[in-house]
Amino acid sequence: MRIVVLGASVYSETSCAIAAHLAKQGHAPVGALVLSTLNRGTLLRKLGQWGPREVARYARTKLAPGKNSESTEVNNPYLGTMLAHENQFFRSLREIGSVYGFPIVTCRDQNSTASISQLKRWAPDLIIFTGGNILRKQLLDVPRLGVLNIHLGLLPETRGMSSPEWSLLNRVPVGITIHYMDAGIDTGPILQRFELPDVNRSKSLSDLRHRLIAFGIEKAGEVIAGLDQGTIAATPQASLHFIANQDSQFFVMHERLRARAAERLASAHQASPVTMVNG
Amino acid sequence: MTGRITRALTETTGLLRRPQRTVPLVRKIVSDKLRVTFEQRHLYSYTTTKRASGDALNSLVRWILDAQRPDGGIAAYYSLLTGYSQSYPEVTGYIVPTLYDFVRAAGHGEEHEVVTAAERATCWLLTLQSSTGSFPGGVQGVTTQPSVFNTGQILHGLVRAAAETNRPQILEVAALAADWLIEVQQADGSWSGPVAYQNTAHTYYSMVAWAMAELSEHADDHAGQRYRQTAEKNLNWVLPHFRKSGWVDGINLHGHPTYLHFIAYVLQGVLECAILLRRNDAVEMVEKSAWVLLRKFETNKYLAGAYSPDFKDNLRFTCLTGNAQMSCVWLRFYEVTGDLRYLNAALKMNEMLKQLIPVRGPRGIAGGVSGSYPAWGRYQAFRYISWGCKFLADALLLEQRLLQGIETSEYEALACAS
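As they're listed, the protein sequences go chains A and B.
For the first sequence, the residue numbers in this note's numbering are 1 to 279.
For the second sequence, the residue numbers in this note's numbering are 280 to 697.
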């Protein structure tokens, strides 16, 4: 199966983990198309998501590896196994590409004509989206099977942003959905959805997100294997009406509500007798 | 057109008479220009401010108290060009419930002053009623023409003042106003003709229906039924104006764009009326519109100052009052449905509005809510408006009350807990 990884940055830990995990499973990508790191849009988005201090820390770690202790660790500890390579961690897609022999192409806009032409040259069966722009139809139509996304919530119940936090607050199961992307937000056909076991083991919201990302990548590997063998098919969300007339899209959660979700998780964690297990 | 020219001349003359007003005017223009130029809005962001809601609330109420004129009425606005306007009966009426709500909310130290302001405002309103029961439109002294909308808005204040003070005289005045509203209501449930703005029926007069429904809760059985029927009749006239897209027809502001303020009026009026009359069909209608606007706010991080039918186009400015009203609508929907997305949107909206309240400045500016953001937008340009302060104060009071509920509720086990 010809797979292309679409990412927000060559240094994205999630993109690296997906590419490395698939390569180790024998599904090495045929290429990766990522936004250039100094892209203004990416920078602003990250500033909004993380804040200036975290962006500066990230830049230090990624742009000057080996010069500080953080370079010997991974931001998401649950991705350690996937990123591990010869007693070190993969730090960028370039490193993975050089080991597994696939090219990395950077662009300023994933929907641009040049990007689409590049993707067509790779003739992918499947594109795996790990971040970047809002994808236009022209790009979505390139791969034979579709563009795959790992959504950190159970679809169709929890679409949109801050999904793990909304799941906690609304007392619905926390999990991930692997689905094809379409023109809507998390509305494309579902390949498979998985509830995260032992949610109570998560110490914090960021720990929960880290676990979900790792869980999602692991499950994506299984789904891709299933697609390759023809044992998995997608189900349109329209056939999964779970609440009549209700829009299940969620938006970025306000810090007051986020604090409430964190509190709820912390209480559950404290009440849980199970000790934390990495992986 | 003549009206606009007259207004422009008056405002310019105001600046010539008091040239020292140039400083805050220029400061406002520069600060809004800088903010508009450098603010970053993207999907993951929302505006935040360190200013606590309680602090913002105090400053809004201080602005309202400062705007109270010697006659007891509240000025319509403070213009950066001409200063305070005359007292405005309509707004004075519906600011009264806000003042009492503020007093009732825990932790404020200005209760006595605020109660006095509410009582002075009520006393002034009582002097304005005509023998027919109606109240005049416009700002004080401009016209004596009876106005349905102003009478309805004043009714909100009278009903609340009667409940707070137990003065039967206030309730009698309210009943007389309500009887006049019944008398001039059309057979189809609308209010139109010379007692309506631009002689036309308007769906945003649902705010009047809400006042009637409120009064019905305080009246005896017979009168209460008449008031309820009037409210229901208007509600039944308004509801067919809701489109599938959530848009509401019949706002009918000839010569003006359909400002968000008026769209929000329709939604608030219908929603509150529907809650009081237990009309779930009407609540559902409003929810569609409220959700469309919520999605727009969450995606764009602001709501436009005006919209064209089906919310397709919009003008590039924000009507802060309309935003505050939508925050109130969303908070009420959270209360009614328990859907936290409404609370979430309102919290973010309130953050955005709080950071636009001037912390410092002379009387009339500090603590005020400008008509438009940026200040030169089409809605009440270069003015801090009293109804903007009223609706934002309402939104912050609601936010405080509802957050108390969510932050003190006991922990319940996770549905997904293993």
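Keep in mind the hints are simulated off the structure, nothing from the lab.
We put the beta carbon where it would ideally sit given N, CA and C, even for glycine.
Just to be clear, a hint being listed does not mean it is correct.
To be verified - What follows is a set of in silico ranges between Cβ atoms, one per label pair, in the way DEER data are often shown:
id : chain 1 : residue 1 : chain 2 : residue 2 : range
1  : B       : Thr328    : A       : Lys120    : 31 to 37 Å
2  : A       : Leu47     : B       : Ala502    : 56 to 62 Å
3  : A       : Asp109    : B       : Thr316    : 20 to 26 Å
4  : B       : Asn559    : A       : Lys24     : 55 to 61 Å
5  : A       : Ser36     : B       : Thr578    : 24 to 30 Å
6  : A       : Ala183    : B       : Thr479    : 51 to 57 Å
7  : A       : Ala183    : B       : Asp350    : 56 to 62 Å
8  : B       : Lys312    : A       : Asn75     : 36 to 42 Å
9  : B       : Lys312    : A       : Gly80     : 48 to 54 Å
10 : B       : Ser310    : A       : Asp109    : 29 to 35 Å
11 : B       : Arg306    : A       : Asn111    : 40 to 46 Å
12 : A       : Lys24     : B       : Glu563    : 39 to 45 Å
13 : A       : Gly80     : B       : Gly684    : 38 to 44 Å
Verification of the supplied hints:
Roughly 47 Å separates the CB atoms of threonine 328 (chain B) and lysine 120 (chain A), a value that falls outside the hinted 31 to 37 Å. At roughly 60 Å, the beta carbons of leucine 47 (chain A) and alanine 502 (chain B) sit within the given window of 56 to 62 Å. A hinted range of 20 to 26 Å for the beta carbons of aspartate 109 (chain A) and threonine 316 (chain B) is consistent with their spacing of about 24 Å. Evaluation of the 55 to 61 Å hint for asparagine 559 (chain B) and lysine 24 (chain A) yields a pass: the beta carbon distance comes to about 56 Å.
In this structure the hint that serine 36 (chain A) and threonine 578 (chain B) lie 24 to 30 Å apart at CB holds, the actual value being about 26 Å. For the pair alanine 183 (chain A) and threonine 479 (chain B), the supplied restraint of 51 to 57 Å is violated, since their beta-carbon distance comes to about 41 Å. Take alanine 183 (chain A) and aspartate 350 (chain B): their Cβ atoms lie about 59 Å apart, and the range 56 to 62 Å holds. Between lysine 312 (chain B) and asparagine 75 (chain A), the C-beta spacing of about 39 Å keeps the proposed range 36 to 42 Å intact.
Distance hint for lysine 312 (chain B) and glycine 80 (chain A): a CB-CB separation of about 49 Å, consistent with the stated range 48 to 54 Å. Range check, serine 310 (chain B) to aspartate 109 (chain A): about 34 Å between beta-carbon atoms, so the 29 to 35 Å window is met. In this structure the hint that arginine 306 (chain B) and asparagine 111 (chain A) lie 40 to 46 Å apart at CB holds, the actual value being about 42 Å. For lysine 24 (chain A) paired with glutamate 563 (chain B), a C-beta distance near 52 Å fails the hint of 39 to 45 Å.
Look at glycine 80 (chain A) against glycine 684 (chain B): about 42 Å separates their beta carbons, and that is inside 38 to 44 Å.
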